Amino acid sequence: MAIADIHVAEDTHHEDHLDHEQSFVTKYIFSQDHKTIAKQFLITGIFWALMGGLMSLVFRLQLGFPEATLEWLRPIFGGWITESGKLEPEFYLAMVTMHGTIMVFFVLTAGLSGTFSNFLIPLQIGARDMASGFMNMLSYWFFFVSSVVMFISLFIETGPAMGGWVIYPPLSALPQAISGSGLGMTMWLIAMMFFIVSTMLGGINYITTIINLRTRGMSFTRLPLTIWAFFLTAILGLLSFPVLVAAVLLLIFDRSFGTSFYLSDIYIGGEALPNSGGSPILFQHLFWFLGHPEVYIVILPALGITSEIISTNSRKPIFGYKAMIGSLMAIAILSFVVWAHHMFITGMNPFLGSVFMLLTFIIAVPSAIKVFNYITTLWRGNIIFTPAMLFSIGLVSFFITGGVTGIFLGSAALDIQLHDTYFVVAHFHIVMGSAAFFGMVAGVYHWFPKMFGRMMDARLGYIHFWMSFVGVYSVFFPMHYIGIAGFPRRYYSFTNFDAFNSYADLNALITIAAFITMSAQFIFLFNFFYSIFRGRKTPQNPWNSNTLEWTAPINPEHGNWPGEIPTVYRWPYDYSKPGAKEDFIPQNIPFSETPESNFPNETESIKLQGIDKGDAIIVDETEE
Amino acid sequence: MVRDLQIVEEPRRPVSMDPKKFALWLFIVTIIMLFAAFTSAYIVRQAEGNWLDFSLPTIFYWNTGILLLSSVTMQWAYNSAKRDDLKNIKTAISLTIVLGICFLISQIFGWGMLVDAGVFFVGNPSGSFMYIFTGLHGVHLISGIFFIIMVLIATVKYNVHSKNILLIEMCNTYWHFLNALWVYLFIFLLLNR
Ligand code: HEM
Ligand SMILES: [Cu+2]
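Protein chains in written order, with the numbering used here: chain S, 1 to 624; chain U, 1 to 193.
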């Protein structure tokens, strides 16, 4: 290592203003340390995941057991339970809407990117902190304000937003249409504006940090795939969220100032509204221009985390590193030109429909490349089944299953039957919901030692995995059949339709499976909080991983490395390199220290500066 | 053994730009996307028919000139900063602020002319879009003026000079961008009547 140190000189200027004494408030609450901010995002994300999960149980009860009495929920929901002990239909819609919003935005966008981009970017690229710690702190607190507003909206008289997470007008624009489109919707819009500001602040920071603050030697082709994924995710967010701002602003003007961007020729109770000339389809275009990239904003970080975990625990270099980057980029670019596949039957020119159909099929190609590379990385690896690894493999499984149904939906003709049915619900819960959720959980298991200096219990992790994995498939796989049978989504009850009676059992089964899956999450919660305080102390590098974060102290201070920032000499995937002493070579080990395993071009890349050139040639003959 | 050989691989420091400047450019990208969304929405909506036609207020031609002039004075301020010409920085910056405010006031007159012509915010989307474009651009311009005022204060405190150019450089970039944005919107509105 002595050699490595010679050439790192600058970049220590940061420390002087980082190490001073901190009060409780600046250390844990208004902290500018990326690691603390990451934990804040994580805890808030877990809180929301719990809320969203419990909501889904409520409406699953209604769907699985429509005859059952929910009287026992009255202490919690009060007036939303009717006289006869049933869920108020509007409340059902509110639950569905809030569940979707919370899961997509608060858990899988803020909770996932916010946690892992914040935590891993500086640690894996070798930076002391984010480009702007202050902006980073603001990013969390905007998210917090957004959370508070959204949370309060759950308790107001008229109920929270009820128009679905996609808030299509006119339903979402007119309080006369549904009670949730009153104050609840207003609060939804305010919360989302704060949320977008938070995402922007975070995203600008992530991109700036990755481009400008990499340590010496950390070229783009030596970046771990996690960082590539976070990078492209941030770019997607930066390009698509402003479009949601535009959509939401116009909606706000329609709702509160009487403009007619989205409203036209509407009659309520036989009476015409003054609005004319608006186009609700315009909203769908604007929304899905964000909406589709958003689903990739959710999945890409999970895929990045998976790449890292699968490679580490297969003890093999990731298969097709450059192809992985290439397909991430292809997905990122293509995700902006497929949005109209959500609108095949809302009135689109059929020719345009076939263009979007083609583009949608093309996006399956890079997705398939990624899956192929995961499998080939696993192939003949010395697989270590840590809980993180199991969850990553689970992600790959979901990504395949959900990708296949994506092809069904991408076909405009099939989508006429399948649109807005439970088939779509099954598709996106498997490919986005469960896959991204598994990626997030995998990340928590894998980086928990770095976050809290302790290990989570593996045995509880296995139980958590198997219950979740079997649970998720039991919940969402049957939904494909229900969807093909024609069950529309967002319906409160199917008991009035005789045709649907034969599926009552299946619906009950799904609900039971949902309860089991949810109960498994409490095992995780227990494991998580127990291990923070009581877990086994972690060794320096618990998974024998190559990336830089494991070279930092077990409990890094603000500034991450006490001395110099390590320099990077190689890519992050030198696992089981032929000839090497151990089955991993961290990124900060120079080639000159590993002559036994260098490839010819790597030996060449070493500049020889020996006192005696003659000695230096021994390099590749040295044996230990 | 190997250690004695003094073998040194020289890892290169990655190319990088000042993070603040870089972040500003990213912020500009988000504004571009915002207005790209609005102008695309305009085109999509216009294609559906039922579209009120009206001509742009004449004052827009004049105040576009004012705004372009403010770009010139901003550049003048920046160049003076590079030459450490403190007195000129102050004059040029103050001029830029005055021109910016003049532009905003004339935008409000423009709205008045629209109202006189029977084009209202509430009504046909064609008119509403007009107010959205100008209003939202105005909001961004106000943020730009605040930025310039910050630079002016820094100048008075002798914090802007050739060795400390970052602030005024970023301000210069942002202001030029806002003016280019208006020119884009203006031309867009002229072409898509
Ligand atoms: C092979 C790739 C994929 C294809 C071809 C595909 C295709 C589609 C299509 C055509 C729809 C619209 C169905 C309808 O509403 O009738 C859809 C819905 C959806 N997809 Fe995918 N998809 C793919 C992958 C993904 C991925 C990777 C994610 C997320 C990570 C995702 C998330 C969603 C979501 C959230 C919806 C439903 C949105 C809603 O209506 O609430 N899809 N998909
Ligand atoms: Cu999509």
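Among these hints, one or two may not hold up.
Said to hold, decoys possible - Simulated restraints on C-beta separations:
id, chain 1, residue 1, chain 2, residue 2, range
1, S, A364, U, C102, 50 to 56 Å
2, S, E582, U, M17, 37 to 43 Å
3, U, G49, S, F361, 29 to 35 Å
4, U, G49, S, P274, 15 to 21 Å
5, S, Q417, U, V122, 39 to 45 Å
Said to hold, decoys possible - Mimicking BS3-like on lysine-lysine, the simulated pairs with C-alpha atoms at most 30 Å apart in a straight line are:
id, chain 1, residue 1, chain 2, residue 2
6, U, K82, U, K20
7, S, K577, S, K322
8, S, K39, U, K21
9, U, K87, U, K21
10, S, K27, U, K82
11, U, K21, S, K27
12, S, K322, S, K27
13, U, K157, U, K20
14, S, K581, S, K537
15, U, K21, U, K163
16, S, K537, S, K39
17, S, K39, U, K20
What the hints assert, rightly or not - Listed next, the stretches of chain U that the computed footprint assigns to chain S, with coverage defined by at least 3 CB atoms under 8 Å from CB atoms of chain S:
id, segment
18, 42-49
19, 78-87
20, 108-114
If you are wondering where the hints come from, they were derived from the structure by calculation, not from laboratory data. Source: prediction; values computed, not measured. Idealized CB from N, CA, C, for every residue including glycine.
Right, here's what the structure says about each hint:
1. Taken as a hint, the range 50 to 56 Å holds for the pair S:A364 and U:C102, whose Cβ atoms sit roughly 55 Å apart.
2. A hinted range of 37 to 43 Å for the beta carbons of S:E582 and U:M17 is consistent with their spacing of about 38 Å.
3. For U:G49 and S:F361, the Cβ-Cβ distance of about 33 Å falls inside the hinted range of 29 to 35 Å, so the restraint holds.
4. Separated by about 19 Å at the C-beta atoms, U:G49 and S:P274 satisfy the suggested range of 15 to 21 Å.
5. Taking 39 to 45 Å as the suggested C-beta distance range, the pair S:Q417 and U:V122 conforms, at roughly 41 Å.
6. For the suggested pair U:K82 and U:K20, the alpha carbons sit about 19 Å apart, so the restraint of at most 30 Å is met.
7. Taken as a hint, the S:K577 and S:K322 pair is honoured in the structure, with Cα atoms around 18 Å apart against an allowance of 30 Å.
8. Between S:K39 and U:K21 the CA atoms are separated by roughly 28 Å; this keeps the pair inside 30 Å, and the hint holds.
9. Of the supplied pair hints, the one linking U:K87 and U:K21 holds, its CA atoms being roughly 26 Å apart against a limit of 30 Å.
10. For a cut-off of 30 Å, the pair hint linking S:K27 to U:K82 is broken: about 40 Å separates their Cα positions.
11. Pair hint U:K21 plus S:K27 holds up; C-alpha atoms about 28 Å apart against a cutoff of 30 Å.
12. Straight-line distance between C-alpha atoms of S:K322 and S:K27 comes to about 39 Å, which puts the hinted pair past the 30 Å bound.
13. The straight-line distance between the Cα atoms of U:K157 and U:K20 is roughly 21 Å, inside the 30 Å bound, and the hint therefore holds.
14. With a CA separation close to 27 Å, the supplied pair S:K581 and S:K537 stays within the 30 Å bound.
15. The suggested pairing of U:K21 with U:K163 holds, with an alpha-carbon distance near 16 Å, which does not exceed 30 Å.
16. For the proposed pair S:K537 and S:K39, the alpha carbon gap of about 19 Å is at most 30 Å, so the pair holds.
17. Our distance criterion of 30 Å between C-alpha atoms is met by S:K39 and U:K20, whose separation comes to about 25 Å.
18. Given as covered by chain S, the segment 42-49 of chain U passes the check, having 3 residues with a CB less than 8 Å from a CB of that chain where 3 are the minimum.
19. Only when three residues or more bring their CB closer than 8 Å to a CB of chain S does the claim for the segment 78-87 of chain U stand; here the count is 0, and the claim is violated.
20. Taking a C-beta to C-beta cut-off of 8 Å, the segment 108-114 of chain U contributes 0 residues in contact with chain S, too few for the three needed, and the coverage statement is violated.
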